[in-house]
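Peer 1: This is what each chain is made of:
2 protein chains.
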Amino acid sequence: MLQLAMPVNLAPPDKLLPVPGTYLACLAAGIYKDRRDLVLIGLAEGSTVAGVFTKNAFCAAPVTLCKAHLQETGSRYLLINAGNANAGTGSQGMDNARLCCQMVAEQTACEANQVLPFSTGVIGEQLPMDKFEAAIPQAATSLSADNWNDAAETIITTDTIAKGISKQMNIGGQTITITGISKGSGMINPNMATMLAYVATDAKVESKLLQNVIEQATDMSFNAITVDSDTSTNDSLILMATGQSGAMITDSNIAEFQQAINEVCLHLAQAIIRDGEGATKFVTIDVTEAKDEAEAKTIAYSVAHSPLVKTALFASDPNWGRLLMAVGKTDIVDLDVNKISLWLGKTQLLESGEPAANYTEALGQLEMAKEEITIRINLARGSANTKVWTSDLSHEYVRINAEYRS
Amino acid sequence: MLQLAMPVNLAPPDKLLPVPGTYLACLAAGIYKDRRDLVLIGLAEGSTVAGVFTKNAFCAAPVTLCKAHLQETGSRYLLINAGNANAGTGSQGMDNARLCCQMVAEQTACEANQVLPFSTGVIGEQLPMDKFEAAIPQAATSLSADNWNDAAETIITTDTIAKGISKQMNIGGQTITITGISKGSGMINPNMATMLAYVATDAKVESKLLQNVIEQATDMSFNAITVDSDTSTNDSLILMATGQSGAMITDSNIAEFQQAINEVCLHLAQAIIRDGEGATKFVTIDVTEAKDEAEAKTIAYSVAHSPLVKTALFASDPNWGRLLMAVGKTDIVDLDVNKISLWLGKTQLLESGEPAANYTEALGQLEMAKEEITIRINLARGSANTKVWTSDLSHEYVRINAEYRS
Numbered sequence: 001m002l003q004l005a006m007p008v009n010l011a012p013p014d015k016l017l018p019v020p021g022t023y024l025a026c027l028a029a030g031i032y033k034d035r036r037d038l039v040l041i042g043l044a045e046g047s048t049v050a051g052v053f054t055k056n057a058f059c060a061a062p063v064t065l066c067k068a069h070l071q072e073t074g075s076r077y078l079l080i081n082a083g084n085a086n087a088g089t090g091s092q093g094m095d096n097a098r099l100c101c102q103m104v105a106e107q108t109a110c111e112a113n114q115v116l117p118f119s120t121g122v123i124g125e126q127l128p129m130d131k132f133e134a135a136i137p138q139a140a141t142s143l144s145a146d147n148w149n150d151a152a153e154t155i156i157t158t159d160t161i162a163k164g165i166s167k168q169m170n171i172g173g174q175t176i177t178i179t180g181i182s183k184g185s186g187m188i189n190p191n192m193a194t195m196l197a198y199v200a201t202d203a204k205v206e207s208k209l210l211q212n213v214i215e216q217a218t219d220m221s222f223n224a225i226t227v228d229s230d231t232s233t234n235d236s237l238i239l240m241a242t243g244q245s246g247a248m249i250t251d252s253n254i255a256e257f258q259q260a261i262n263e264v265c266l267h268l269a270q271a272i273i274r275d276g277e278g279a280t281k282f283v284t285i286d287v288t289e290a291k292d293e294a295e296a297k298t299i300a301y302s303v304a305h306s307p308l309v310k311t312a313l314f315a316s317d318p319n320w321g322r323l324l325m326a327v328g329k330t331d332i333v334d335l336d337v338n339k340i341s342l343w344l345g346k347t348q349l350l351e352s353g354e355p356a357a358n359y360t361e362a363l364g365q366l367e368m369a370k371e372e373i374t375i376r377i378n379l380a381r382g383s384a385n386t387k388v389w390t391s392d393l394s395h396e397y398v399r400i401n402a403e404y405r406s
Numbered sequence: 001m002l003q004l005a006m007p008v009n010l011a012p013p014d015k016l017l018p019v020p021g022t023y024l025a026c027l028a029a030g031i032y033k034d035r036r037d038l039v040l041i042g043l044a045e046g047s048t049v050a051g052v053f054t055k056n057a058f059c060a061a062p063v064t065l066c067k068a069h070l071q072e073t074g075s076r077y078l079l080i081n082a083g084n085a086n087a088g089t090g091s092q093g094m095d096n097a098r099l100c101c102q103m104v105a106e107q108t109a110c111e112a113n114q115v116l117p118f119s120t121g122v123i124g125e126q127l128p129m130d131k132f133e134a135a136i137p138q139a140a141t142s143l144s145a146d147n148w149n150d151a152a153e154t155i156i157t158t159d160t161i162a163k164g165i166s167k168q169m170n171i172g173g174q175t176i177t178i179t180g181i182s183k184g185s186g187m188i189n190p191n192m193a194t195m196l197a198y199v200a201t202d203a204k205v206e207s208k209l210l211q212n213v214i215e216q217a218t219d220m221s222f223n224a225i226t227v228d229s230d231t232s233t234n235d236s237l238i239l240m241a242t243g244q245s246g247a248m249i250t251d252s253n254i255a256e257f258q259q260a261i262n263e264v265c266l267h268l269a270q271a272i273i274r275d276g277e278g279a280t281k282f283v284t285i286d287v288t289e290a291k292d293e294a295e296a297k298t299i300a301y302s303v304a305h306s307p308l309v310k311t312a313l314f315a316s317d318p319n320w321g322r323l324l325m326a327v328g329k330t331d332i333v334d335l336d337v338n339k340i341s342l343w344l345g346k347t348q349l350l351e352s353g354e355p356a357a358n359y360t361e362a363l364g365q366l367e368m369a370k371e372e373i374t375i376r377i378n379l380a381r382g383s384a385n386t387k388v389w390t391s392d393l394s395h396e397y398v399r400i401n402a403e404y405r406s
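Heads up: the sequence lines are chains A and B, in that order.
Mapping of the first sequence onto the numbering used here: position 257 corresponds to residue 257, and the numbering continues sequentially without gaps.
Mapping of the second sequence onto the numbering used here: position 317 corresponds to residue 317, and the numbering continues sequentially without gaps.
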């Protein structure tokens with residue numbers, strides 16, 4: 001019954017393009033036994049950096065420190081380790097995160113608050129500081145411009161595949177490059193935390209604008225995916241702009257730049273769902289004609305998080321009673337179910353609250369058997385639409401999450 | 001790896017006591033192939049009836065009709081079928097529910113709106129009305145006072161065991177009896193819906209007071225349990241008071257009566273969790289010193305619903321990072337994690353946000369290996385406490401819910 005974990009329609013990234021002004025080193029610090037686990041990213045002077053972070057109240061030490069450093073000054077280095085999340089580690093965890101930044105600063109002649117720290121892996125264990133001490137000098141001397149594919153592989157934890165994408169576009173006659181990588185497989189893994197994503201461009205983007213761009217892109221990508229409703233203590237998404245292409249992002253070209261960043265973030269976010277823990281399906285929940293965006297998201301997540309919907313998806317069972325249940329169970333007070341229509345792919349299940357006349361179990365079965373499934377819910381009570389992406393709930397999900405430490 | 005579904009520390013009910021003024025018939029109407037599936041309950045004239053129902057917007061036809069009938073007049077009969085939920089059945093489903101009530105009314109010489117209908121089972125299929133037509137006359141002529149154990153068995157769907165409890169107490173020198181039965185195994189089952197519970201007493205309780213009593217009892221019992229966060233379209237809890245004992249519930253004895261009803265409801269609700277789909281653990285989430293009751297429940301349910309906490313419970317893995325994550329992921333804005341303390345049973349994990357000094361993995365393992373586990377979360381920011389009960393997330397849960405129709 002158990003099947004091998006395999007991502008849904010996702011291959012490893014093609015050659016990721018170097019981004020002028022970024023330099024990467026990837027090495028095995030020994031946090032894991034037998035693989036690379038540490039990435040150092042250097043940024044050209046004058047780069048701007050923006051970020052969005054987990055809203056979990058128990059956010060990990062590196063997240064707290066990273067947010068503080070971003071506020072204080074311009075950033076020159078990012079230090080990312082896999083294998084240990086430095087979360088739930090109390091005040092010693094914070095001291096260790098600070099020490100990591102100091103080590104990078106000493107090796108690179110910058111200030112400690114110009115270094116942004118990121119950790120992903122086991123929660124509740126202190127970082128092995130001796131290993132960082134040994135590895136950081138080595139990392140600082142092996143920075144290389146063309147190292148994004150290695151970085152994508154180095155930051156993964158329980159992911160089954162590296163995730164990344166590159167894009168080029170023309171801004172005012174100049175070619176700019178955008179390269180992004182991400183990791184994550186559940187919102188939080190066994191004991192392993194986290195979604196991490198890093199997107200770099202050689203466009204020149206003023207700090208405030210860059211923050212705006214990343215927040216907008218997050219809303220329709222990383223904030224519209226869910227594997228299991230659980231939110232990691234370490235989630236971080238960073239957008240870096242080195243300016244090395246000379247192309248400046250301004251009011252006249254911001255729309256197309258935003259669009260490109262959106263596309264990169266959507267790819268990276270969807271890749272996490274396609275590689276979701278135990279995922280056998282890639283599912284789009286498409287809510288239309290809601291009263292407002294918040295209502296649309298409430299309904300979409302109620303369906304996306306429902307264990308009974310997710311097990312039906314795993315079973316390829318057109319069990320539409322569970323969809324009704326999940327749409328109806330939110331606390332939206334005046335939802336009129338007699339207006340709601342439902343589709344599985346192009347097959348209509350429900351028309352204004354009544355079972356659709358032409359629906360047959362065989363038609364539903366046909367849609368549910370697909371690897372990529374769209375559930376569309378029309379509320380007929382407004383003009384807000386939203387899309388959320390999720391995976392199914394399989395035996396493999398339980399196996400991964402129940403048996404990880406055994 | 002898969003194990004046989006077995007409830008956690010729950011045996012079938014002992015002999016349930018008859019409640020003077022209630023009469024029950026249980027028979028096989030043929031909705032299921034080879035078991036009893038229909039219960040008719042008659043109530044003595046002058047009985048009062050109160051109810052609480054699912055808040056799911058897609059509530060089933062019988063629920064809508066039952067609520068209307070309860071408003072309109074005094075109730076004399078309850079008709080309960082297993083095997084078909086009459087949910088997601090549109091206007092024909094409502095017609096069928098009405099017809100069921102009319103059939104009972106014709107056989108018993110009462111009005112159709114004195115009949116309360118309940119259905120549990122498959123969603124999205126119309127009731128087999130010919131079977132009701134054949135069975136209802138038979139039910140009306142076979143009502144018997146001492147039939148509660150049979151009723152408890154007849155209303156179950158995917159439950160592995162019948163659930164019930166009886167209690168007697170002294171009210172002003174008179175003995176009153178309380179007998180309750182319940183069914184449910186997920187908040188909603190495969191394709192099968194629902195938690196149903198019926199509690200009867202021969203005390204005399206005025207209608208409004210009775211409604212008050214059942215709402216208070218629900219808050220600390222049925223509204224404090226969760227298997228999978230999914231809310232059925234058919235959930236119903238009914239409290240009936242026949243008054244046949246002659247003991248009248250008044251201001252002077254309401255407290256002890258409320259306490260007895262609370263205990264009966266808590267037993268029936270916890271029995272549902274102990275028989276939860278695939279449950280191998282019975283878990284109490286005990287949140288203390290929250291700012292208010294709502295905040296306490298938000299935190300408790302965040303932990304109780306977390307798939308990662310639930311898979312760790314299944315694995316008996318003291319993976320306390322997941323508990324931190326689940327406490328932290330709610331949207332309570334000013335939660336100070338440096339005040340939070342956490343215990344597994346009597347073993348402290350976290351003291352005011354720092355890892356507890358004496359904690360060892362072996363101690364955590366010892367607690368997690370138990371069949372009954374208490375997770376205590378002290379927020380140190382107020383005086384509100386709450387308890388929520390839940391089960392774990394096992395292979396069996398996925399098997400039951402993914403493979404039911406195959």
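For the record, the hints were derived by calculation from the structure and aren't laboratory data.
It is possible that part of the hints are untrue.
Which copy is meant is left open, because identical chains are indistinguishable; a pair holds if it fits in one copy or across any two.
Stated by the list, open to error - Within a straight-line C-alpha distance of at most 30 Å, the following computed DSBU-like cross-link-like pairs (lysine-lysine) qualify:
1. K339 with K67
2. K131 with K370
3. K33 with K346
4. K291 with K67
5. K339 with K208
6. K15 with K55
7. K387 with K55
8. K339 with K55
9. K167 with K208
10. K291 with K55
11. K370 with K55
12. K33 with K291
13. K370 with K67
14. K131 with K33
15. K291 with K167
Every value quoted in this text rests on a predicted model; they were computed, and no experiment measured them.
Peer 1: Take the hints in turn and mark each one as holding or not.
Peer 2: Against the structure, the hints come out as follows:
1. K339 with K67: between (45 Å within a copy, 22 Å between copies)
2. K131 with K370: So K131 and K370 fail the 30 Å test inside a copy (46 Å) and across (37 Å) alike.
3. K33 with K346: neither (49 Å within a copy, 35 Å between copies)
4. K291 with K67: between (35 Å within a copy, 28 Å between copies)
5. K339 with K208: neither (43 Å within a copy, 34 Å between copies)
6. K15 with K55: neither (33 Å within a copy, 52 Å between copies)
7. K387 with K55: For K387 and K55, the Cα distance is within 30 Å both inside one copy (21 Å) and across copies (25 Å).
8. K339 with K55: Only across copies: K339 and K55 sit 18 Å apart there, 35 Å inside one copy, limit 30 Å.
9. K167 with K208: within (23 Å within a copy, 67 Å between copies)
10. K291 with K55: Intra 26 Å, inter 20 Å, cutoff 30 Å: intra and inter.
11. K370 with K55: Classified as neither: same-chain Cα gap 34 Å, cross-chain 33 Å, threshold 30 Å.
12. K33 with K291: neither (52 Å within a copy, 45 Å between copies)
13. K370 with K67: Intra 42 Å, inter 41 Å, cutoff 30 Å: neither.
14. K131 with K33: within (12 Å within a copy, 66 Å between copies)
15. K291 with K167: Answer is neither; intra-copy 35 Å and inter-copy 49 Å both fail.
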